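Residue numbers (our numbering), protein chains in the order written: chain A, 6 to 250; chain B, 1349 to 1718.
Keep in mind that a hint or two might mislead.
Here are the simulated DSBU-like cross-link-like pairs (lysine-lysine), alpha carbons at most 35 Å apart as the crow flies [what the hints assert, rightly or not]:
id, chain 1, residue 1, chain 2, residue 2
1, B, 1389, A, 155
2, A, 155, A, 12
3, A, 187, A, 164
4, A, 193, A, 164
5, A, 164, B, 1389
6, B, 1464, A, 235
7, A, 155, B, 1464
8, A, 207, A, 197
9, A, 235, A, 185
10, B, 1696, B, 1464
11, A, 155, A, 207
12, A, 185, A, 164
Worth flagging that the hints you see were computed from the coordinates, not collected in a lab.
Because the structure is a prediction, the values reported are computed rather than measured.
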Amino acid sequence: MGKTFKKPEALSDAHTHYCPGCTHGVIHRLVAETIDELGIRGRTVGIAPVGCAVLAYNYFNCDFQEAAHGRAPAMATGIKRVRPDLMVFTYQGDGDLASIGMGEIIHAANRGEKFTTIFVNNAIYGMTGGQMAPTTMPDQRTSTSPFGRKVEEVGMPIKMAELLAALQTPAYISRQTVIKPKYITKAKKAIKQAFTYQLENKCFSLVEVVSTCPTNWGMTPVQAVEWTEKTLLAYYQPGDYKVPA
Amino acid sequence: MALNFIEGNEAVALGAMAAGCRFFAGYPITPATTVYNAMLKYLPPEGGVCLQGEDEIASIGYCLGASMAGHKVLTATSGPGISLYSEQISFAIGSEIPLVIVNVQRLGPSTGSATKGADGDIQFMRWGSSSGLPVIVLAPVDVADCYRLTVHAFNLAEQFRCPVFLASNKEIAMTRESVDLDAVELPVTVTRKTADRGKPFLPFATPGDDTAPDFLPIGDQTLVRQTSSTHGVNGYITVDPEEINAFQHRLEKKLTAHVDEFTFFDQDLDPQARTLVVAYGVTARAARVAVAASRAAGKPVSLLIPKTLWPVPERLIVDTAAPYDRVVVVEMNMGQYVREVQRLLPGKTVDFFGQMNGNLIKPEQIREVI
Ligand SMILES: Cc1ncc(C[n+]2csc(CCOP(=O)(O)OP(=O)(O)O)c2C)c(N)n1
Ligand code: SF4
Ligand SMILES: [Mg+2]
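So that you can see chain A by itself, here it is in the shape it has in the complex (with noise of 0.2 Å):
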């Protein structure tokens, strides 16, 4: 009987530095499956972001390219506008996103830049220690919320797919999360969608994914994805946004 499952070629032979019951490493697999699906690894470039998955260039054989926190939207226009011919994704957590690169995306999306934005919502900032984020679900305690967040002082959280797809510029926005096998299965096919999108020349595409930080979270893998499909997912409500005519 030959091998039923394997390694993607897109995902190198490092063993990597997330938590237990992190989905950061989900989300890898579900990317590189795509890259090898679609036979575009020769052609493809990663933008890692500031924040845990900073270190994703060590997972993935492809080319990656690190930007700045925030930023990466901006390496990756500067990428796929000299070499349209490359396929460009950007690797993005909610800090990094939603934060401090909140411009970057909007302006990109809006541009209708041609590259594939993975964005990791864990409604945190893991890498730091678990200061609150834009995403931070109300009442969530964080090291920089520690009474939970406070509607009135910070607002709701943010919903970055609903927001990108009231832009007007085609795109694909979709948001999807990977805590379960069933979940699993449509986020790899939102993220080969995106992507294939991209190989069209067809739009810029974004897949929001639900995901958890037990670390921060002060939560057993269990509990986190417990915590995930009850409070976030009743919030960031998973499905297509926005899909291109």
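Starting from the known structure of chain A, fit chain B with the ligands onto it as the hints suggest.
Relative to the frame of chain A, chain B with the ligands by itself:
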């Protein structure tokens, strides 16, 4: 006496509270984040405001606004954040907005090594703004200094209405030490001078060519208008070369003419020595050990620890170095402050030892050089 076992960043926060700081804003970044955490602990219970910005540019912007409304303000970051502060630092210099910035330096460039110390921003803090006009930079050596110099930093920001940096370093900021804070002598708290409310307000009028203007807050009884564009004493844009010249020179002179009044330093001089070691920040602690060991081994050496780095305390450096044949500058970079020392001591041998590999400079390394 009560010993506190705290890290430098917490001591900074306590110093800020002692100085009357009522506003903090910042964006998470290692190794400065714990200043934010400590301010979050101390500030709101005292009625102050502690805010997380969406990025560094916004965070320092909140600080400028709060300062113009009359509050003493603090922000803290590290190299990548200082890069983003640059625009607003220039703005604060030109608009004469009091502000204290803690730069917990980490090894760069850019994201570099988040958890390794360095003193790589020493020239950057001085020159990282448009125009080349000066700011004040103080460099703590230990936790007690973090406490004391933060109070001085606030006083200087208020007196001279300019950005004041505390040039901390990951190694001081995130290492806990036992310190008796009650035994640390703090200066009397200074608050910016208020302009006479009865008179028409000229926001940039000064009695001399080397002082900061008196202050009235935005949003008070008197109409106050502010611009960072080149302005005359009335705060309106000017194209008059003489007025422009006077303004530029005053911004420079208000600090350089007064540096002797805020030249903080330690020294350990040996009358027998032919060599003077100059070291600042955490490196000064290794230098102390090296100097003591060298003396014990029969080789006398002297030590100067400047704690005011900018404007350069020229008199201190020139006078202290005068009796020595050789000066050795030791710093955690590839040679930054040594440029200032060399510039001031043209006839002398000025040697340099630096290291930028993420490790502290060890006393034995300094002994080898001296
Ligand atoms: C200009 C700048 N400011 C701050 C930082 C510090 N920093 C590093 S990672 C990070 C946040 C990462 O959070 P997120 O993007 O949500 O990614 P996660 O770790 O949660 O995956 C921050 C603030 C930096 N590197 N550069
Ligand atoms: S800190 Fe959070 S986001 Fe980072 S690897 Fe750990 S679980 Fe994942
Ligand atoms: Mg995050």
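**Prompt:** Which of the numbered hints above does this structure break?
**Reply:** 2, 6, 11
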